[in-house]
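Trainee: Sequence:
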Amino acid sequence: MKKRIILLILPFFTFSPVSAEKGDASLFNTQQIETLTGAKGELDTELNVFKVSVPHSDLKGSAAGVKLTPSLGLTSWAAFSGTGEVRGEMVLFEDQINFVMKEALDNGLRITALHNHYLWDNPRIMLMHIEGKGPIKELATAVGKTFEILKKSSKGTIWARPPVIINSDKSTLKVKDIEDLFEKRGTLKDGVYKLTWERKTKMHHHDGVEACAAFVGTDKQAAMLGEIAMKEEDVQNVLKTLLKHNIFIISLRQHKMGEDSRITVVHYMGRGLAFELAKALKETLDQTGFMPDDERSYKPSL
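If you're matching positions, the sequence shown starts at 28 in this note's numbering and goes up one per residue.
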């Protein structure tokens, strides 16, 4: 009988503050940080880092048949440095992503990544990375508010009822209004309407980073899926705009190495009125460089 061997490799997290004033615990009011974050912490006097943790012992989940516990990655945390920085990770269910991400952004934190952590996990578990700079008291307050939303949303769902199935075989989208909005023609194939934008960057002597969107369904019951590749300085505004329009954030990560400027890609999905989804996307793309002059040749169809 063949035996399956499952190996779980857990990440080893480090935090390296800019300064290394060894053993200076006076940089922290640890009691204040614990009070503001609502979480217990430990001080690393070697690195001058105070790390608070929220073990999710109440979460019931498994990955590849392995019961998940706080020691196997189900722990949210935030590490504060004496130089006025914080970095951390939030453990999320799919239904929590938009709520927790919005709270973090609204309180001045930055989102640096969103990705899955396991395979064959049930329910699906995601990790959201955060960072921030500023007075420790303000950072601890922001983290505390984010932790609070994390706790409050852990047993909820965004769906009042199961969503209606949208079948591309039965798509009846009228794409003219969408094309006029973007001043760009897309392609319609197999019931899916696709739009693609390209912006130049250098990557191993090849050019091109993209934003794309695929629409499916009807004018009144549509879905929009796609991705936007963007420069670092655009990431937070893009996320805020997508969240404002209740577009689901699927992931945030890098796809390539060796670019002349780091490119981050957000994958997204939304449901609703087709034209409203398109308007939300246009407002989002306006935060980036994806509305180029070469679209001026577009001529609306009658």
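One should not assume that every hint holds.
[What the hints assert, rightly or not] Subject to a maximum C-alpha distance of 20 angstroms in a straight line, what follows is the list of computed SDA-like cross-link-like pairs (lysine to any residue): (1) Lys94 x Ser181; (2) Lys203 x Thr214; (3) Lys267 x His294; (4) Lys309 x Glu237; (5) Lys172 x Lys197; (6) Lys197 x Gly218; (7) Lys179 x Phe120.
[To be verified] With beta-carbon atoms standing in for the labels, derived distance ranges: (8) Glu165 x Pro189: 38 to 44 angstroms; (9) His272 x Thr72: 44 to 50 angstroms; (10) Lys247 x Asp217: 18 to 24 angstroms; (11) Asn149 x Thr199: 31 to 37 angstroms.
FYI, nobody ran anything at the bench for these hints, they're computed from the structure. Note that the Cβ used here is the ideal one computed from N, Cα and C, for glycine as well.
Trainee: With the threshold set at 20 angstroms, check whether the alpha-carbon distance from Lys309 to Glu237 stays at or below it.
Mentor: Within the cut-off at roughly 14 angstroms; holds.
Trainee: CB of Lys247 to CB of Asp217, is that within 18 to 24 angstroms?
Mentor: holds (21 angstroms)
Trainee: Assess, step by step, whether the Cα of Lys197 is no farther than 20 angstroms from the Cα of Gly218, and give holds or violated.
Mentor: holds (7 angstroms)
Trainee: Is the hinted pair Lys203 and Thr214 satisfied, with a Cα-Cα distance of at most 20 angstroms?
Mentor: Satisfied, since the Cα-Cα distance of roughly 12 angstroms is no more than 20 angstroms.
Trainee: Keeping to a limit of 20 angstroms between CA atoms, is the pair of Lys179 and Phe120 held or broken?
Mentor: holds (12 angstroms)
Trainee: Given the hint that Lys172 pairs with Lys197, test it: the Cα-Cα distance must not exceed 20 angstroms.
Mentor: violated (44 angstroms)
Trainee: Is the distance from the Cβ of His272 to the Cβ of Thr72 consistent with 44 to 50 angstroms?
Mentor: Holds: the Cβ-Cβ distance is about 46 angstroms, inside 44 to 50 angstroms.
Trainee: Starting from Lys267, check that the Cα of His294 is at most 20 angstroms away, please.
Mentor: Cα-Cα ~14 angstroms, so holds.
Trainee: For the pair Asn149 and Thr199, does the Cβ-Cβ distance stay inside 31 to 37 angstroms?
Mentor: holds (35 angstroms)
Trainee: Holds or violated: are the alpha carbons of Lys94 and Ser181 at most 20 angstroms from each other?
Mentor: holds (18 angstroms)
Trainee: Are Glu165 and Pro189 spaced within 38 to 44 angstroms by their CB atoms?
Mentor: Check passed, 41 angstroms falls within 38 to 44 angstroms.
Checked against the numbered hints given earlier, the structure breaks only hint 5 and satisfies all the rest.
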